[in-house]
Amino acid sequence: MTDYRSFVDAEPFRTVVPDLYYSSANDDAFIYEIWHIATQLTTYSEEIQDTPRYPLETLLAGGGDCEDTAILVASMIKAAPVNWNVNLVYMDIYNPGYRQDVNHLIVHINTGATDYFIETTNPWEMQPNRYVNGWYYAVGNSQGSFSLEQ
1 MTDYRSFVDA
11 EPFRTVVPDL
21 YYSSANDDAF
31 IYEIWHIATQ
41 LTTYSEEIQD
51 TPRYPLETLL
61 AGGGDCEDTA
71 ILVASMIKAA
81 PVNWNVNLVY
91 MDIYNPGYRQ
101 DVNHLIVHIN
111 TGATDYFIET
121 TNPWEMQPNR
131 YVNGWYYAVG
141 NSQGSFSLEQ
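Residues in the sequence shown are numbered consecutively from 1, following the numbering used here.
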């Protein structure tokens, strides 16, 4: 399990994302808007070998795989003027409720009031999994194990 936290970079988004946050009706709307921007400006493309990209590289390339789009969404969320917990969650896409194999990466956001499990490769559904049991790297913190019902 590779630690991709060093690729999360909020700086390129700090001039735009705060305005988006303040113009959003609420936290739900803001998080949805970030997900929507990321999934509309990028296309999922499966890679043979994991080669993570910085968020601007993903935007310029027009897409990437799950770690690339998760890094992009985490970077945009971290640029918001809030103090939310953001995690890169390593999970088994075929068994989201059981930690069997690491084959997918999503973003978990805890706002203090709500938990979001953001699927960054699906442009039709932001939160397809109500329960995720996986491993995480907290952006800005250490590695751990994760299990939460939404």
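It is possible that some hints are incorrect.
[Stated by the list, open to error] Cβ-Cβ distance ranges computed for the label pairs, FRET-style:
(1) N85 <-> H36: 31 to 41 Å
(2) T2 <-> Q100: 15 to 25 Å
(3) G140 <-> V16: 35 to 45 Å
(4) N103 <-> D9: 23 to 33 Å
No lab work stands behind these hints, which were simulated from the structure alone.
Every residue gets a Cβ at the ideal spot worked out from N, C-alpha and C, and that includes glycine.
Evaluate the given range 23 to 33 Å for the C-beta pair formed by N103 and D9.
For N103 and D9 the Cβ distance comes to about 25 Å; the hint holds.
With respect to the beta-carbon atoms only, verify the hint that G140 and V16 lie 35 to 45 Å apart.
violated, 21 Å
Assessment of proposed distance window 31 to 41 Å (beta carbons of N85, H36)
At roughly 22 Å between Cβ atoms, H36 and N85 fall outside 31 to 41 Å, so the hint is violated.
Take a look at whether the Cβ-Cβ distance between T2 and Q100 falls inside 15 to 25 Å.
holds, 18 Å
The structure does not agree with the numbered hints 1, 3 stated previously, though it agrees with the rest.
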